[in-house]
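Undergrad: This is what each chain is made of:
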Amino acid sequence: MIEEIHNQAPVQKASNLIQINHKLVSVEALLKTCYWFSRDFVCDITQDGLGQSIVDLKPKPGCRMALGDAREQFTAQAMDFALRERVTAKTSEVRDLLLAKAFSESGVLEEQPQGVFGDTLEEVKPDGMFKILSNS
Amino acid sequence: MSRSFYPFENFAPAPQQVSLLPFQFTHLFGQELLVNEAGEFLFAPEGTTRSLLEGAVDVRSNLYKDLKAKHIVYDETSSPLLDVLATKIRTKYDHLSGGTRLHIFVVTLRCEHSCHYCQVSRQTAAKGEFDMSQETADRSISLMLDSPSPHVTLELQGGEPLLAFDMIQYIVPKAKEEARIRDKGLDIVVTTNLACATDEMLTYFRDEEIRISTSLDGPAFLHNKNRPRPGNDSYERAIDGIERGRAILGHSNVAALMTTTAASLDHVEEIIDEYVRRDFHTIFLRPISPYGFALKTKDRTGYEMERFLEFYKQGLAHILNINRSGYRLAEIYSQILLSKILTPQGTGYVDLQSPAGGAWNVLVYNYNGDVFASDESRMLAEMQDWTFRLGNVHKDNRRSLFTSEAALKMFEVSCNQSLAGCSDCAFQSYCGADPIYHHATQGDMYGHRPTSGFCTRNMEVIKHLFSFIKEDNPETMKIFWSWLTGSPLPAKRGTCD
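Residue numbers (my numbering), protein chains in the order written: chain A, 1 to 136; chain B, 1001 to 1497.
Keep in mind that the hints were calculated from the coordinates and are not lab data.
It should be emphasised that the depicted structure is a prediction, and the values quoted were computed from it without experimental measurement.
No residue lacks a Cβ here, since even glycine has one placed at the ideal position from N, Cα and C.
Please note that a few of the clues may not be correct.
To be verified - From the derived model, a few chain B residues whose C-beta atoms are all more than 10 angstroms from chain A:
1) Phe1005
2) Leu1028
3) Leu1053
4) Arg1060
5) Gly1128
6) Glu1236
7) Ser1252
8) Leu1342
9) His1448
10) Ser1487
To be verified - Cross-link-like lysine-lysine pairs, in silico, DSBU-like; alpha carbons within 35 angstroms at most:
11) B:Lys1068 x A:Lys90
12) A:Lys90 x B:Lys1313
13) B:Lys1313 x A:Lys23
14) A:Lys90 x B:Lys1088
15) B:Lys1463 x A:Lys90
16) A:Lys23 x B:Lys1225
17) B:Lys1225 x B:Lys1313
18) B:Lys1070 x A:Lys23
19) B:Lys1065 x A:Lys23
20) B:Lys1395 x A:Lys90
21) A:Lys90 x B:Lys1225
22) A:Lys60 x B:Lys1463
23) B:Lys1409 x A:Lys60
24) A:Lys58 x B:Lys1463
Stated by the list, open to error - What the simulated footprint calls covered on chain B by chain A, stretch by stretch (three residues with Cβ under 8 angstroms from a Cβ of chain A suffice, anywhere in the stretch; the number is not a length):
25) 1089-1097
26) 1417-1428
Take these sequences, add in the hints, and give me the full structure.
TA: Following this line, the structure appears as structure tokens:
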């Protein structure tokens, strides 16, 4: 779980440590979270070798966010990015098929994609476009 | 008399195989906003995404029906409708078909105004080396019509193009004849400050079916401050030109745009009221472009994006009140975004596209034959930054322009679907990528979204528009729909009709 492990006051001297368990939030999701906090904070990340990262949020000059709020938002956003990864994992194949179908009918592709919804890997159509593409 | 029916289960069995479709989500107004690949959205209770991933949404619930209707989930009963979703996605990207539609010809750099924010070099009004030559015009017309688009728009711009009226008179018949031979549709627009527009010029535009786009920054004190010229009478000349233009060309063939400078920020209602007083029915609350002289004169004209957003929100509130009083006045940026949010259509608006509109949707042919990916690219070149110069009409053809190093570098970062900060954004399908803006403001085409003025502006404007949609006030929504469809405004407050 993501855990707040340290909160020092006062704000201007504080650094704020947040512990991330990578069983729940991947490194990629953590980095995306840090990206959005990079306007107001320097995010120092250290890995403990036990599948966890420690993020040290250091406010930049002119930081517009209170540390307490930042900690709360950081954990919430990290969980959101983890959710988004799961959505992407479940939907990327059907997304590829949707886009292929959308643009094929615009004449961009010479042939219609053969995939069918519900069979995005085209297991029932071994000669389908995605099989061919994935084997090429 | 009542009639009883068999229970629902007798007509449709409960779905057995529920699958997710691609969507993005964010948190807004205490709910989750889910947006599908075609930009259709649904406000759902917090935790809906997690419930969907855990298979915990009751397939008999209204929420499930809404999710299915919005193409966020599908099951064995709705999978044939996924072809409809593909069609919706194609419709959203319709602006990509056909190739470049807007072609801007810079017929001269000369101008008698000396606006602080002007994005191009201000040359003296003496005729000379800063006018487009006939040879350059010929090649530019040919390249314009090489675009696969069956219908193109030619925008004649400057500097002040009316100072090179002879070149306009050369280009217009040439372009029309060439378009006729190639069987292409052609619209022509002149972008002018109208200060030196004579009745003969306006009559020529009427006869050639050319529309006018001019500048009106607000009431006299503001317009004259923003747009100085000898005599300090740019406002009076613009108003005179607008009135004569309407009388000769017809009311709807004269449009106006405003630019927001630091001096404008405290006067949004006066600016809007000026547009109403002048009988305009559209206004575009535009921030200053961070290019050209606007960068040099930043201290005089610049401001933080947050300050512009206050200006925009205050302005939109005033515009809605004006519409409530029965006068139709659409705010163009809101209209563009509302069209993307509420309708299946995309828009042709170049600055808010993914892939970015530069080159795909607009090409600029400078007076000397240089071709740029957008008007902003040309402004950068005036500051000796040639990053987005695609080539020159005398050396290049359409293929070489589009495969130039400058074009390829730009195309690489033109899709917000693949940009850090955008790829997971719920507003992705309403927004765009703008490598030229990010190059100009951050020194990097890719851009850094957390500190990007482009991202700040669009995120905040989109959220603001969603606040109205969530509120679902019938009067406000009727105004929005009237902007999108031309339907009547709601009845005036205090009247019975």
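Undergrad: Decide, hint by hint, whether the structure agrees.
TA: Going through the hints against the structure:
1. No beta-carbon of chain A comes within 10 angstroms of the beta-carbon of Phe1005 (chain B); the shortest separation is about 30 angstroms.
2. Every C-beta of chain A lies more than 10 angstroms from that of Leu1028 (chain B), the closest at about 13 angstroms, which supports listing it as non-interface.
3. Once the 10 angstroms rule is applied to beta carbons, Leu1053 (chain B) is inconsistent with being away from chain A; the minimum gap is 5 angstroms.
4. Residue-level check passed: Arg1060 (chain B) sits 21 angstroms from the nearest beta carbon of chain A, beyond 10 angstroms.
5. Separation of Gly1128 (chain B) from chain A is adequate, the least Cβ-Cβ distance of about 46 angstroms exceeding the 10 angstroms criterion.
6. No Cβ of chain A comes within 10 angstroms of the Cβ of Glu1236 (chain B); the nearest lies about 44 angstroms off, and the non-interface call holds.
7. With a least CB separation of 32 angstroms from chain A, Ser1252 (chain B) remains clear of the 10 angstroms interface cut-off, as annotated.
8. Listed as a non-interface residue, Leu1342 (chain B) keeps its Cβ farther than 10 angstroms from every Cβ of chain A; the least gap is roughly 20 angstroms.
9. Its closest Cβ contact with chain A, about 8 angstroms, brings His1448 (chain B) to no more than 10 angstroms, contrary to its assignment away from the interface.
10. With 10 angstroms as the threshold on Cβ separation, the claim that Ser1487 (chain B) sits away from chain A holds: the shortest Cβ distance comes to roughly 29 angstroms.
11. About 16 angstroms separates the Cα atoms of Lys1068 (chain B) and Lys90 (chain A), which keeps this hinted pair within 35 angstroms; it holds.
12. At most 35 angstroms may separate the alpha-carbon atoms for a hinted pair to count; Lys90 (chain A) and Lys1313 (chain B) exceed this at roughly 38 angstroms.
13. Restraint check: the Cα-Cα separation between Lys1313 (chain B) and Lys23 (chain A) comes to about 43 angstroms, which exceeds 35 angstroms; the hinted pair is violated.
14. For the hint linking Lys90 (chain A) to Lys1088 (chain B), the alpha-carbon distance of about 21 angstroms falls within 35 angstroms, and the restraint holds.
15. Taking the CA atoms of Lys1463 (chain B) and Lys90 (chain A), the gap is about 27 angstroms. The hint holds against a cut of 35 angstroms.
16. The hinted pair formed by Lys23 (chain A) and Lys1225 (chain B) fails the criterion: a straight-line CA distance of about 60 angstroms is larger than 35 angstroms.
17. This hinted pair checks out: Lys1225 (chain B) and Lys1313 (chain B) have alpha carbons roughly 24 angstroms apart, not beyond 35 angstroms.
18. For the hint linking Lys1070 (chain B) to Lys23 (chain A), the alpha-carbon distance of about 32 angstroms falls within 35 angstroms, and the restraint holds.
19. With a C-alpha separation of about 33 angstroms, the suggested pair Lys1065 (chain B) and Lys23 (chain A) falls inside the 35 angstroms cut-off, and the hint holds.
20. Between the alpha carbons of Lys1395 (chain B) and Lys90 (chain A) the distance comes to roughly 49 angstroms, so the proposed pair goes past 35 angstroms and is violated.
21. As the CA atoms of Lys90 (chain A) and Lys1225 (chain B) are separated by approximately 57 angstroms, the hinted pair breaks the 35 angstroms bound.
22. For the given pair, Lys60 (chain A) sits about 26 angstroms from Lys1463 (chain B) by alpha-carbon distance, which is consistent with the 35 angstroms threshold.
23. Under the criterion of a C-alpha separation no larger than 35 angstroms, the hint pairing Lys1409 (chain B) with Lys60 (chain A) is consistent with the structure, at around 32 angstroms.
24. Taking the CA atoms of Lys58 (chain A) and Lys1463 (chain B), the gap is near 28 angstroms; set against the 35 angstroms cutoff, the hint holds.
25. With 5 residues having a Cβ less than 8 angstroms from any Cβ of chain A, the stretch 1089-1097 of chain B passes the three-residue criterion, so the hint holds.
26. With a cut-off of 8 angstroms between beta carbons, the stretch 1417-1428 of chain B has 3 residues touching chain A; three or more are needed, and the interface restraint holds.
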